[in-house]
Structure formats: C-alpha cells, structure tokens
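Engineer: The chain contents come next:
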Amino acid sequence: MLCMLLKNTENNMNKKIINPEDATNIVKNSIVKRRSKDSRLKLFGRVAIGLAVCFLLFLFYSIFTKGYPGFFQYYVTLDINFDRERIDPKGDLSDNSLFDGDASAIVNESLFFIIEPKGRKEKKLAKKIVSSGKDVRIAKMVKDDPGLFGTVTKVKFALDDDIDSFLRGYIKRETPESERRISDKVIGFIDKLNEEGRISYEFSDYILSGSASGNPEMAGIKGAFIGSILTLSVCLLIAFPLGVATAVYLEEIAKKNRITEIIEVNINNLAAVPSVVFGIMGLAIFISIFGMPRSIPLVGGMVLALMTLPTIIISSRAAIRAVPPSVRDAAYGIGASKLQVIFHHVIPLAMPGMLTGTIIGMAQALGETAPLLMIGMVAFIVDIPNSVVDPGTVLPVQIFMWADFAERMFIQKTSAAIIVLLGFLIAMNALAVYLRKKLERRW
Amino acid sequence: MFSFYLLTVILIISLLFFLLGYNRAKNLINSNKKNLHSLTHYYGIFCSLSALLPTLGVFFIFTICDDFIFAELIKEYIPDEVINSKDYNFTIVLAQINNSVEGLVFGTPPQWVTNAAEIWKSWVIKSNILTVIVCAITILTSGFLSYKKINSEFRSRNAVEKIVMTILAVSSVIAILTTIAIIFSVVFESIRFFALIPYDEFLFGTVWNPQFEGAERAGSGQEGLSQYGAIPLFAGTFLISIIALCVSVPIGLFSAIYLSEYASSKERAFFKPLLEVLAGIPTVVYGFFAALTVAPFLRSSGSMLGLDIASESALAAGLVMGIMIIPFISSLSDDVINAVPQSLRDAGYGLGSTKNETVMKIVLPAALPGVVASIILAVSRAVGETMIVVMAAGLAANLTANPLEAVTTVTSQIVTILVGDQEFESAKTLSAFALALTLIIITLGMNFYALHVVKKYREQYE
Amino acid sequence: MDNKHILSSFDDDLKKLNDNLLKLGNGALNNFDNCIINFGTQDLDEIEKVINGDIVLDELDDKVQKIGFEIIALRAPQAADLRRIIVALKIATIFERIGDYSRNISNRTKVLIDLKYSDLPGVNIGKMGQKTLTMIEDVIESYVNEDDKLAVKVRNSDVKIDKMHTQYYLEIVASMQRNKKLAPTGAHLLFIAKNIERVADYVTDIAEQVYFLVNGKVLSDLRPKADESSLIIPE
Amino acid sequence: MDNKHILSSFDDDLKKLNDNLLKLGNGALNNFDNCIINFGTQDLDEIEKVINGDIVLDELDDKVQKIGFEIIALRAPQAADLRRIIVALKIATIFERIGDYSRNISNRTKVLIDLKYSDLPGVNIGKMGQKTLTMIEDVIESYVNEDDKLAVKVRNSDVKIDKMHTQYYLEIVASMQRNKKLAPTGAHLLFIAKNIERVADYVTDIAEQVYFLVNGKVLSDLRPKADESSLIIPE
Amino acid sequence: MNSKKNDLKSLELTVGDVFSKNARLKARNVNVFYGENKAIDNVTIDIGSREVISFIGPSGCGKSTFLRCFNRMNDTIDSCVIQGEITIDEENIYDKKIDVVPLRARIGMVFQKPNPFPKSIYDNVAYGPRIHGLSENKEHLDNIVEESLKRAGLWQEVSDRLSSPGTGLSGGQQQRLCIARAIAVSPEVILMDEPCSALDPIATAKIEELIHELGNEYSIVIVTHSMQQAARVSKRTAYFHLGKLIEVGKTKEIFTRPKHNQTEAYISGKIG
Amino acid sequence: MNSKKNDLKSLELTVGDVFSKNARLKARNVNVFYGENKAIDNVTIDIGSREVISFIGPSGCGKSTFLRCFNRMNDTIDSCVIQGEITIDEENIYDKKIDVVPLRARIGMVFQKPNPFPKSIYDNVAYGPRIHGLSENKEHLDNIVEESLKRAGLWQEVSDRLSSPGTGLSGGQQQRLCIARAIAVSPEVILMDEPCSALDPIATAKIEELIHELGNEYSIVIVTHSMQQAARVSKRTAYFHLGKLIEVGKTKEIFTRPKHNQTEAYISGKIG
Ligand SMILES: Nc1ncnc2c1ncn2[C@@H]1O[C@H](COP(=O)(O)OP(=O)(O)OP(=O)(O)O)[C@@H](O)[C@H]1O
Ligand SMILES: Nc1ncnc2c1ncn2[C@@H]1O[C@H](COP(=O)(O)OP(=O)(O)OP(=O)(O)O)[C@@H](O)[C@H]1O
Ligand SMILES: [Mg+2]
Ligand SMILES: [Mg+2]
Ligand SMILES: O=P([O-])([O-])[O-]
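Residue numbers (the numbering used here), protein chains in the order written: chain S, 1 to 443; chain E, 1 to 462; chain P, 1 to 235; chain C, 1 to 235; chain V, 1 to 272; chain X, 1 to 272.
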C-alpha cells in the first residue's frame, strides 16, 4: 500500500503538495486505526467517571447505612407515678427543686416492678438499663405539663447504649459472657421487658435536640448545630462585606501598581494556605495576643472568615470581571461617575456570582474542622450556646470528637450527624445553584 | 449592651444628618432656581457619612482601648505579696478580677480582688460616660461641619465618592493584615523553636519523637528522649500525597476530558455537579470514612491476600484523599479545557481530525499549562489536608515507603500537638509552629508556581 | 423606483438626479420645439432665446454628470440603481447635444432669415421637426414610465425621419443645382435637415438607453437605418 | 496607475478596460487616418475597408461600456479609479463616434469618386484631416500619459480646425455659387469638412475628459470656438 | 498619481480645510500617548455644529483614540496622556475645573458593539436622565424616554414592550436603543465608534438612515472602517494614518478627488 | 421594478441556473432543520470545480447553515437534521458509510474568526498532514508546509520565523495561516464562512486577493455579508432569503441585472 503511495507521491514531489486524490486515499486507509484510538479514549473517560461516581455512591452508601440507624434508638416504656412530693419537693417547679427531687428513684421503682431484680447487685445492674437521662426527662415533662402530677402515665425512656447495641445485634448472645459488655442477667431483664412489650425501636428524640454527652444514647447535635450557625453567621457578616469591598476595590478602582499587585498575590496565596494554619493564626493572634476566650463561635467565625475571605474575593472578582466592559463603557459614556458605574451596574450584575461564591465559601467554612480544633472549639461543652461569646462547638468538630469515641453507638450517631451536616451542605449548594440559575443574566 | 445602645443612637443621629443635608440641598435648589452640582441625596449621604465615620472610629478606639488601659492601671491594686509570689501570672489574676467584675464568683475570692473589681467597675462607668461625651461631640461637630459645607458650589457626589472609595481601599488591606498575622504568628514561635532545636536537626533528622518537657521531667529523667527530625513527617506527607495523586490524576483528567469533549450536554449537566459533590464533602467526613470504612476494608482484604496492612495505613488515607481531590483536578481541568476556544476545535474538526486527535493534539496542549496547574494545586491541597490524615493516617512517625504501614504527616502532627492544653515554652508546642512554617512555605511555593503558569496560559487567549 | 431604499438620502440623491435629468430633457425638448417653430415664424427674438437658453442645458448636463458621478462614488449603487445612473449620465449628454443642435438650427435659421429664405419645393423642415419632436416627447415619456415598448417604438420610427432626410437632401441639392444662388441657403438648409436627422438619431440612442435601463441588457437587433444621404449620388 | 491595487483582479479589470479603450482609440485613429488618405488616393478598396472596419469600433465601444459598467457594479471604484472608468466610458463613446465620422467621410468619398471629384480651389481636406489626425494622436498620448497639459494644448488647437472649416465652408459654397453643377459635390464636401470639424470637436471633448481624469475637476474656462460656419452669410 | 500631488513632506501637514465656520468642538494640536507610544500626532480639526463627520483610516491609525478624546473616555485608561487643547463651545474640556461627568452627558457616545444595560428598555433610556436628575417627575421621564426612542426610530418597534429587557432586542435594535439612550440626556455631540461593525447590512442601513436624520440636530462624529459608510452618511470626512490627520474635506471631494496621495491610495484600495 | 419580473409565486423556485457543467459538489433538495425550525428549505445547487461562488443574504437566512452542510460540520450540533442529498464527485456525503474525517480532509474550512492553533506557525500548517499521515518524511513535510504557506501568500512574511507562535501574527496574517493550514491537507473544496468579517479593509483586501488566486486551483464557497466582497471575489453568486435559495447566477449578472425582485431589493439596499 505504502509503496504504491510512495510512487504516487514521488511523481508529485515536484508539485510538493500531494494531489487531492492521493490524499483522499491515504486518509481513507488510516481511518480505522484512528477511529479505534478514538473509542479507546472515550472508554477511559467513561471508566474514570464511573469510578468517581462509584466512590461517591459508596461513600454515601456507607455513611447512610451507618447513619440511618443513628436516628433511631431503643426505648423502654414504664408506668410512672408522678408524685409531686418526690419529684418537686419545693413545689415551685424550679430547677433547684427538681434537682433535689428523686425522679430517678421513681423510674427505677417502676422498672424494678416489672423485671423484679433480686439483691443489690442485680438492682445495680438493672438501674443501668435505663439511660441516666431519665430524671432530666421527667423534670422536663412536668415542667411542660404540670397537670401530670398525681397521674400514672406511660413514659418512654432511652435504653443504655450497651443494651441498645445488644438489641441491634451488635452484641451477640452467643458470645461468652466474659467477652461481652453486658451480663447474662441483664439479657434476662431485657428479655423480660421484651416479653412485656415494653421495648420499642423509635425515632431518637436525643439526636436532634440533645447536645454533647458522655452517654451515647443521650448525645445529640443540637448544640453543635447552633454553634455552627452562630459561627457561620459571624463568618458571613465579616467575610461577605469585606470580600465584596476588596474585590470591587481591586477590580474597579485600584490602579495597577506595586501595592495592588502585592494585595493580589497575597490573596491568591491566602487561598492556598492550609486551613490548619489559619487555626494556628487564630490561636496565636486572637487567643494569645488579644486574649479572647477559647472555644467561642466569635473567634471561630473570625478565623473562618479570614479563611473564606480569599474564596469570596476571588469569586467576586471573577464575577466582576465577567461583567462586560461594554456595560461600563455605556455608563461612562452617558456620564455616570465611577461609583455610579460600580453601584448601579457592576455590583448588581456581579451579585449572582458574588453570592454563589459566598455560599460556596460558607459551605467550605461549615465543613471546616482543623482550624476550629486549634482554637479550642473541640472542648466538651454540654450547654447549648446562646450567643457568639458562649463556648460552643460546631458540627464537624462534633463529628470528629464522636468519631474518636469507642462506644459502638457513637459510630451511628456520628454517621447521623454527618448526614445532617451533608444535608445542610447540600441545601447550601442547592441554594447556590438556584441563585445562579435564577439571577444569572445573559448579556 | 451599653455599646449596642450607643451604636444605635449614633446610627440614628447620622440618619438625622442625612435628612438635614438632603433638605438643605432641596432648599438651595428652590432658592437659587438652579440645579446643584449633584443630585440631592448625595448631599444627605455626605452629611450622614461624615458624621458617622469619625464617630464610629472614636467609639471603637474607646471600647477597644479601655480594657487594655484598665489592665495596666489595675496593676497598682494588686498587692505586692501576690506579685512577688512564685507562681504569679498576670493573666490569671486579671481573669480573676474580670470574673469578679462580671459577678462570676467561685468560692470566696481574696479581698483585694473584690476591691480591684469595684475599682474596675467604677472605671467602666467613667469610661462609658466619657465615651458618650466624646462620641456626642464628634458626631455633632463633624456632622455640623459637613452640613455647613453644603452650598451651591459644593460637589457632594465627588466627596461621597472619595469617602466610599477610601472605605473600599481600607477593606482590601485586610488581606494583607491576615497574611502578616499568619507570618507573624508562625515565624516568631518558629524562631523560638529553632533557638531550642537546630534547624538542621529539624530538617534532616530522621526521628520524630516530641515530648512535653513536663512529661520529660516527670518521666524518669530520660533526657534527650525528645527528637525533632521532621523527615518522617515529610516522607509521610509525600507518600500519602503520591498515593492520592495516583488515584486522582488519571480519574480526574480522564473525567475532565470525557466531560468536556465526549459527553452530551445532558451527561455533562448530570456528572459535573456530581463530581463536584466530592469537593463539597467536609474533610472530616472523609476522615471518618477512611478510618471506619476504608481502613478496615483494606485490612481485611489485605489479610485475605496475605498482606499485613496496618489499621491506620498510608494507603487508606491516600486513597480517600485521592477521591477527595478528584474534583479539584477534574473541575479545574475541565474549566481550562473548556476555556480553549471552540474555534480551535472547529479548526481541528474542519481539517478532519477525529475527536481523539482534536483533544490530544489541539485541546490538551493548549490547555496543558492549566492542567498542570490544576494538578499542582491539587498537590498543595493534599499536602495541607489535615482531617483525613489525622483520622486515618495515624501518629506513628515511621520513615517508610510502604503504603501499607501507618505514617504520620506534618498537618496531623500540628493538630495533635496543638489541640488541648499547651505549654507555650515547650519545644514540643513550638515544633508545631515550625512545622506550620515549613508547610506554608511548601504550599505557597507550589501555589505560586501554579498561579504563575495559569496566568501565563490565560494571557494566550486574552 | 417603486420601493424605497432604506437610506432615504440615497432616494433623495436619485430623485435629484432624476429631477435634473427631466429638467434637462424638457429643456432640450422645449428648445427643439422652439427652434422648429422659429424656423417657421422666423421670429428673431425667439431665436435668440433658444440660442441663449442652451447654456442652461449645458449647465444642467454638467449638474447631472456631477450628481451621477457623486452617487456612484458615494453610494456604490447596484443593479437597477446603477443602470439608472449610468443611463442618466448618457441620456443627459444626449439631451445636451440635442440642445446643441437646436442652437445650431437656430443660428442657421438666423442666417436664412438674412438670406431671405423662403421654402424650397419639396422641403418641409417644419414637418420633419414636428415628427422628431414627437419622438423626443415619446422617448421622455418612455424614460419616465420605464416603458421599454414605447422606447422600441420610438427607436423604430427613426426610419421615417431618415427617409425624410434623404428625400429633403435630394430636393435641396436639386434646388441648388437648379439655381446656383441658392447655394448658401441650400448649404444651411442641408445642415438644418441633417441636424434634425441627427436629433432623431440621438433620440433612438436615448430609446436604447431606456431599453437597457428597464431590461439590463442592450437592445441588440440592428437598428433599421434609412438615412442614405451620405450615399446619394443625385442625378 | 503608478501603484497597484491590493486586489490584482481589480487591476486586471482596469487593464482590460484600458486596453480595449486604447484599441478603440487606435482603431478610430487608424480609420480616420485611412479615410483621410483615401480621400486623397481615392482607392475604393481601402475605402470599403474603413467602412466595414467601423463595426469593430462599435463592438469595442460596447465592450468598453460593458466592462466599465461591470467594474462599477462589482468593485465600487473610488476617486481616481472611478474617474478613470467614467472617463473611459465617455471617451469610448467619442471614439466610436469618430469612427462613425470616418465611415461617413468614406461613404461620401465614394460618392465623390463617382462624381469625379477633383479638388476645389482653396479647399484642402487632406490638410484639415492631417491636422485633426495630429490632434487625435496627441489626445490619445495625453490620455495614456495622463498629461493634462498636452490635453489642454490639444483642446486649444481646435481653434485652427474651426477656422479652417469656416474658410473651407466659404470656399465650397463659393464654388457652388460659381458652378451649379458642383452642387452635389459641394454638398458632400461640405459634410466632409463639417465631419472633420466635428471630429476635432470631439477630440477637444476627449481632452477635457483627460483633464478631468487627471485633476478630478472639469476644465472650466470656456473653450475657444472659431467655427462660425453656422453663422456665416456668404456674400 | 501625478507629480503635483503632495508627497512625503506634506505628511506633516493636514491637507484640506480643518476649520469650520460654526465649529462646536475644536481640537488644537492634540497629541495622545499610550505610555511611550504616540497614538495621535498633532491633530487639529474643527467639528461643526449639526454636521456629520466621519473618521476613516487603516486599523490602528488612532481614529478611536482621537474620538475618545472628545468626551475624555480615554481618562479610564491609565497609561493614556493627552496634550493639546480640545474645546467645546470655547471651553477647554481638559481644564482641571471641568468635571467629566456633565461633560460626558453633553457629548454622548455610541459604541462598536451594541451595549444596552441588562435592564428593561425603559430603564436603559431612563438611566441617563435619572443619574443626571434631568426629569422632575415620572411623567416627565416617560416623555423623555418616549421622545428619545422616537428620535432613534425605535418607538414603533418597542412601544408595547418597554419593560422587557433591552438585551432581548436584535443587534440593530440594540444599537438604536443605545442611540436613544445617548439622546435621552440631550447631548450636543454624539460620538460613534464603528457603530455598525457588529451589524448586518440591513441593520447597518437602518442605523445609517438614523444617523442621517440625527445629523440635522446633533453634531455627529462617526468612526468607521467602511469607506462606503463614511461616503454614505457624512458630509465631511477625515482620513487618519499612523496617528496623523492626513486629509479633511467634504465627503464628496474626498471620495471623488482626494488631494493627498495617501488618501487616494487608501480609498481606492491600494495601501498594503 | 417592472411587471415582467417574477413575484411571490416564484419564491418557490430558484431563479437562474443552479446547475453547473463540471459540478464538483451537488446539493439536491436539501432541507435543514434545527429541531422544529426549518433553516434551509429545499435548496438545489451545484458547485463547479475551480470556481469561486459566494453565498449572500440577510442575517439568519441560513447561509452558514447551508455552507456547513457541505463538510458535515453541522454534525456537531445535536438538534440539526439534514434531509436531501449532497454529493461530492457523485458520492453522497450523508451516506451512512461515509466517514466524516476523510470527508473533512477533502473539504477544507476557513472560519469567521481566524483560529490558528496556539502552536508554532510550522506546526499549524503541519498539523493536518501529520494527523492524516500525508507526509513520508520530515523533508516532505517541510515541502508541504512551505508550499502551502506560499500558496496562502504568507511565506514571504513568515519564512524566517516558522517556529514562532501562530497566535502572534496579525489578524489578517492569522487568517492566511488558517487558509494555508486548510490547503496543506490537499482539499478539493474550501468552504469559507465570512472569512474577512473580523478584519480591517486592508487585511480583507489581501484575503480577497488570495481567494481570487486560489480560485484557479480549488472550488471555493464563500459566505459573506458584504455584497461588495461577493462582487469582488466570486464568479457566481447565490442569494438566500429565509432559508430559500432565491437566485443564483453569474456575479456580473446578479449585480447588474438580477432577475428576482428580492435579489434586486437586497442588492440595492431596499429590504427592510
Ligand atoms: N489602551 C491602549 N494602550 C496602549 N496602546 C493603545 C491602547 N489603545 C490603543 N492603543 C494603540 O494606539 C494606536 C491607535 O489605536 P486606536 O484604537 O485609536 O486605532 P483605531 O484607528 O481606532 O483602530 P481600529 O480601526 O482597529 O479601531 C494603536 O497603535 C494601538 O495599538
Ligand atoms: N445551532 C443552532 N440551533 C438552532 N437554530 C440555529 C442554530 N444555528 C442557526 N440557527 C438558526 O438557523 C437560521 C439560519 O442561521 P445561519 O447561521 O445559517 O444564518 P446566516 O445566514 O449564516 O446568518 P448570519 O449572516 O447572521 O451568519 C437562523 O434562523 C438561526 O437562528
Ligand atoms: Mg451645449
Ligand atoms: Mg458606429
Ligand atoms: O453630435 P454629432 O455631431 O456627433 O452628431
């Protein structure tokens, strides 16, 4: 084949360019090989995408399968005699009074009535079956509805996490007693409760309303969630105006000189600084030098704000740059001043881009963990923060902490918290996409 | 609360000045029967801003400074014997007094603390009164002066614009301040660290075994047990990054090529956001995934193959990190590939190229610098990544190239050292800052290079 | 010009061109009409008017040439527009020439008056002039209405004028042969007759231009010719 | 055309136009030259050649008109280019007309031969023809070299021809007055002389076009005129 | 062409009549530099009142640069330095005391690519009057908008959809909208920088027709790459080359008998 | 104009001679749809060998769409459906068996905006021969590159900097480079879609000159918005309107005496 072509072209060497017919033949002969190469590349692309999507699905699958049960837990239903004398000795429903009361004992009595433990040792074991939050629960119930006093009402109590794990089948009956966390006695109690139909598997009322707790069955994410919101609010309030102002200044006002160049390089570099370094800076500057308290959302928000600032600035600048110069020319040509051009045209047109950038920055901040560890938001805080200066933690840090705990139930709770966090993130990203779609203009 | 009320009042007054200025301009127009230089509301804004801004400045100076001044002044009221005592710490004392001021009392504080607190409280009242007076004077004079400035010649729009521009310019300085803060916070502690540990030992030492001095002292006097050779950390970081790249570069690149060149618009609209979801997942989730799903899985499948895989292996962390950075590569590459003008593709197709040839010979070469930059950015992301390695890579400072073993990284060491209570004097604590410094230098270097490449590449099309 | 150009100023320009051309055409028509009438009435004042009036036609022609040239330069006209302009330029020249002939006839009429000219037998300049005048009128009408059929008709009617001319030529030469005194008169009459024939000839040129204007192509069949005066050997 | 257009095909078109125009010009020159020579030599064959050769000139004129029209339509020429084309169109028409005159002269020469014409006293058609021929040559040269000075000179030299024509007119009429037999001969001679005068006149028109071509404006001073033949009352 | 025409030496001086009897804008010895680079070299020209003048010349000869001097749009380019004097009604527009904002309202501008604001048609036109406070009330503003759109020959086409976005119009309509927007602030002069280069022939013809009409009320300076366009719309034409103003004159004359060799060469397609 | 000319009814049929004696490309009853929207309506035309034919018509009339049918560039648009038959040398290019790659090698294309690859000048031209394997060795490739650049009239200007990037050339040079690139694969037909619309008059004139020369060796189809350009470069002209081919004919005739009313109206600036 090639021989023939060679001959053909030799004839045309004087013409230098191959003549069209020969060219057509050459192309036709090589086309099969070229086509197969083509399909190979396409295949590689498909495989790559497939792999990435598989990873993603696997990740979601594993989180969801682990986390879904985390939203549920086992409860035991007990008949509680709401004796005002014992629960609320001072009779004023005050915290002090309820604290002094003896709600736990009432619960235990009700429990003992069913499972009939014998002896101190058994009673001690039996007491542990119901989660230690029982008295708090009763206190809360009477506070909400003082009419309960004097009645005997069925109340549900969370079971201890070991019992929970047993019921879920993580702790096997077959395992020798010495190797499992609960004794045969306790299993007997549970069987009894089960026979009575008093054990139920229900949506956990702790996961969303509880806060950090050493008892896995009582641990919830409300505190972390509020902490996250507070932190993010601080972050947004600082980062958005600063970011937009900086972007506007750099793109529209600043003359190109050394200083603006330095600022630009600076911002680009800040975007690349690992997040943990921002934590170090927060630790060294805000806490050590300015003497601000540790663990508060204010500091966390400030650190995250500085961290997301480059993201916002860069995306805002991109948005501003995407505003066609022709619009500026048009406004200048009519006699608008620089600021009018900026505020009437550039910012409104760039706003969708700026907002999307900001939301994405916020989403990033929401999931950020390392810098907050540095400034001590990792502390074990039971109270739900009320303001930005109350100590608190945030969702991802909560996840990090729980992930370290040994109790089986924490794995599920962690996964559940992750689901909530991801839901939150997806909502934010959806908002960003929606905004972009809604506000995006074609020009 | 006080500050909040004061701020509200200041804002209201400046609003009033807006109305004043606005009306004055209106009146001027009516009396002169001639248009002013600027639209009327600019006169209002001018008055309002010139009243508000200096007052806010004064306000913040007062509220920030008073605590410092009080802290200095209160020293007078601390008894000598307390100052002279062995474990005197001014910060703690100050905290005691502050707690007392705010009514948080744990047990019975010493008398002098209560006294100091009383004095402090009286200062606070005085300073509040002073603040109010000074703010009032400032807002009224500056507001009034600006009001007086308004006449038919005055160009309020230009004045307002100058003010706003200044505000904008000032905000852009924050970025610089942040950088300075970062450098400041890292460099000083690092210098102190290198005063304790020679830098060559840090840079070239092969054993990383930091101990708190306190622990050292308590721990049966094994002097010199602490070792700060950072090589294992770098090696670990490097190992994990390499694994991550091995996962993410091919997947990311091929995805990008597929999405931008082969996929139909529907496919693209579906898969691209899906890939970007990977980037949106918080790292702590990846860490959790790596530690609780991937690592056990690797371990069990490893043992089936007769391999001994550590429960916290570099492989698990690297794999998961690789997944995490897929979208950094795919998205960025997709962007740069898309930025290659359609006209170049048309040119290619017009000449009779297959898709493969168009991609490989025209599009990719044109986008190559951008692709490389995206990879470098991904690397710097990997190097700086913290949570995955903290949760999945372990803390064992092994110097090994075996991905099946546990390794530790720079970032995970920083976190472990700095989380919790620190002794700021200890070499261990300080070592975290030195590590951070090296981390910054490395990531910035890569970033710098990548951005440079990207910029050069952009200029080609602009 | 049934529909307008988007650029109204182009239409304005074309209109200006056309107006001037028609003015020129009507001027030429008038002058010719007058010079023929004057030939009969021998009114010296009127004759002078025709002679002096020719300068107006010259100016109009210059104007049309200038306008047409500028339109071509400034507006790059195409197709029918371009034909219109080129045709206008050519027709204008012809009208100007017709004007020239009117003046020449008038000049010669003046001389004939001096020579105490009275009609020669068999020669009716007035009739020949009238016929030619009708041709001019028709050709102008054909231009205005873009009526190529009329134009072709006009063109074909030139034969009659040619024949008439040949006949008059013979008659005049015959008169001169009969009476040598008539030589000066005859010479001028010959030229007057010839001039009218030339005018009719030019009218056919205009008619051909009108045909080109309408159809975009040249009227190709050979024009019937019947002026044989240059071939004539009078007996 | 000292420098080239970027579009060489434009230059090609212009060259084509110019070539045809020059061919036409030279053709007209030749024909005129021949018809004058033939008038002296009275060679019937040569005369026929001139008469039949005229159709070539007609065709060349059509060609020039067509090319010029197309160039204007397709290339939107500007400034000097446009002038060149418009001028070419006009000059071509004139050359064609000169050709016509040559034919007419030849026709009449044929008749004169039949009439056994021999020179009339005081009339030298050959001389007049030669002078006019020189004018044609000069005007072609002025066109080729874009020499407006030469063009003006040519234009001014028309006066001599006019004077000559007036003189010959008088002589011919005088001869006819003397001898009535000469009437047919005289009539043709009158027309031949007139035709030569017309040719010279046309040459001045060409000269004016050349001036316009070079300078972009019309030669405005009135042309000196000395043809008084139409004003003449021979004694 | 012929030896009488001015050659190299005369490059230094503009050929033709740069002055105008009732001049509105006067440029005197204007030089413009971009950094080191001289873009406009000693240009002097008058722009009369109610005249349409076009600037033509090869790419990069400085037409746009010079045009943008008239309303100080060059101020937005940092490296651009302007020497010489440009006056509008005898007032130096580069005077320190002059505020560019009202100046630009007096000297409107229309750009190469139609650039309506991404707002409604109404708001596009109303923007100028609003920022300059030209209207007393809504009704007055409505009037201004309507009148401007009418003058721009767009009213008929858009009167029933004033609140739909200006970017939704066709290219030619957009450009007319931009002209309406410029007219709305009652300028005295309108500068147009290749206003038709993004349009097809039909839209172009419409804009040209509009320019022709507006020429009765405003002074219009139009930069164009199309010599034919210059020929069609303007009464005067200025030819630039390498930053110099080579020749100015009546359009008719420039296009039939330019005086300068270079103008001739450019106009008849010989430069290159 | 006059009543003889064909009116509305004749819109259905193309006026003039659509057939060509030595036709290379033949389109027969071609319809093109973008989704529901019919962009080309029953067009039949021949494109002769070694002829330059131009497509003119108002914006959106489907010139580009039709042009891109010839090398199946429309394949890249999903919604585009083509009916009818287009053959090159009697071979139906929309045949299932036909691979577009060799087809596009035979039918080169030059685009509106010059789009050189961001590679060296040499590599730009060598790209086509390389991917198609047209050259046996380096020397041969050098020859092809040189010859193509020479034919594109660019050799002189770039022969001393073949390795500098093609994007560094001026717009007009870039467009000539694109033409050289198209020539290098020895096409039989070259399609050009408004190849000069991004260029200034001088660069445009150079490209037109080039097209004129290339017309002796290739069949060239050129879409243009500029009627003058069509008049200058092509021997035949086709006028499109609303997706229909209204008239085809010799350029000389189209521009001096078009047969169809609409052609006349468009050419003389009367549509609108
Ligand atoms: N912003 C700028 N910075 C530096 N030089 C510039 C700038 N704008 C234009 N120039 C230079 O100034 C000269 C004149 O440019 P200008 O845009 O005025 O030309 P023009 O005649 O309008 O060209 P075109 O017809 O291509 O629009 C050119 O050499 C150009 O390179
Ligand atoms: N990709 C597309 N999808 C849908 N419709 C299209 C597409 N491309 C073109 N069209 C439509 O097809 C018709 C013809 O378009 P085409 O681009 O061929 O016109 P054109 O004559 O080349 O116009 P122009 O002169 O503006 O380039 C137009 O109505 C256009 O809106
Ligand atoms: Mg006259
Ligand atoms: Mg003839
Ligand atoms: O005008 P003519 O003398 O040539 O008939």
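I should point out that these hints are in silico values taken from the structure, not numbers from a laboratory. All C-beta atoms, glycine included, are put in the ideal place defined by N, C-alpha and C. Among the hints, a few may not be true.
The following label-pair restraints were derived from C-beta to C-beta distances [as the list claims (entries may be wrong)]:
1. L177(E) to N37(X): 49 to 59 angstroms
2. E72(E) to I77(V): 51 to 61 angstroms
3. K156(S) to F68(E): 25 to 35 angstroms
4. N143(V) to D12(P): 40 to 50 angstroms
5. N37(X) to D12(P): 35 to 45 angstroms
6. D12(P) to I77(V): 20 to 30 angstroms
7. D95(V) to G291(S): 54 to 64 angstroms
8. P348(S) to I61(E): 44 to 54 angstroms
The calculated lysine-lysine pairs, modelled on DSSO-like cross-linking and capped at a C-alpha distance of 27 angstroms, are [to be verified]:
9. K26(E) to K42(S)
10. K33(S) to K97(X)
11. K456(E) to K26(X)
12. K255(S) to K162(E)
13. K33(S) to K127(S)
14. K110(C) to K63(P)
15. K66(C) to K113(X)
16. K37(S) to K26(E)
17. K235(X) to K259(X)
18. K49(P) to K225(C)
19. K21(V) to K259(V)
20. K26(V) to K250(V)
21. K250(X) to K21(X)
22. K23(P) to K217(C)
23. K38(V) to K256(S)
24. K252(V) to K15(P)
25. K172(S) to K121(S)
26. K113(V) to K26(E)
27. K140(S) to K118(S)
28. K163(P) to K149(P)
29. K49(C) to K110(C)
Engineer: Next pair to validate is K26(V) with K250(V); report whether the Cα-Cα distance is within 27 angstroms.
Structural biologist: Since the Cα atoms of K26(V) and K250(V) sit roughly 17 angstroms apart, the hinted pair holds (cutoff 27 angstroms).
Engineer: For the pair supplied as a hint, K252(V) and K15(P), is the alpha-carbon distance within the 27 angstroms limit?
Structural biologist: Measuring from Cα to Cα gives roughly 18 angstroms; hence the hint holds.
Engineer: Below or equal to 27 angstroms on CA atoms is what counts here, so check K38(V) against K256(S).
Structural biologist: Given pair K38(V), K256(S) holds - Cα atoms ~21 angstroms apart, limit 27 angstroms.
Engineer: Does the Cβ distance between D95(V) and G291(S) fall inside 54 to 64 angstroms?
Structural biologist: holds (56 angstroms)
Engineer: Taken at face value, is the distance from the CA of K113(X) to the CA of K66(C) at most 27 angstroms?
Structural biologist: violated (37 angstroms)
Engineer: Is it true that the CA of K49(P) sits at most 27 angstroms from the CA of K225(C)?
Structural biologist: The given pair, whose Cα atoms are some 20 angstroms apart, holds under the 27 angstroms limit.
Engineer: Taking 40 to 50 angstroms as the hint, is the beta-carbon distance of N143(V) and D12(P) inside that range?
Structural biologist: violated (31 angstroms)
Engineer: Decide if the proposed pair is consistent with the structure: K37(S) and K26(E), CA atoms, cutoff 27 angstroms inclusive.
Structural biologist: Violated: K37(S) and K26(E) sit about 76 angstroms apart, past 27 angstroms.
Engineer: Between K33(S) and K127(S), is the straight-line Cα distance small enough, at 27 angstroms or below?
Structural biologist: Violated. K33(S) to K127(S) sits at ~78 angstroms, over the 27 angstroms cutoff.
Engineer: Just to be careful, I want the Cα atoms of K235(X) and K259(X) compared with a cutoff of 27 angstroms; is the pair within it?
Structural biologist: holds (17 angstroms)
Engineer: Is 51 to 61 angstroms a correct range for the gap between the Cβ atoms of E72(E) and I77(V)?
Structural biologist: holds (53 angstroms)
Engineer: Going straight from one Cα to the other, do K33(S) and K97(X) come out at no more than 27 angstroms?
Structural biologist: Holds, at roughly 16 angstroms.
In this structure, the hints that do not hold are numbers 3, 4, 6, 8, 9, 11, 13, 14, 15, 16, 26, 27, in rising order.
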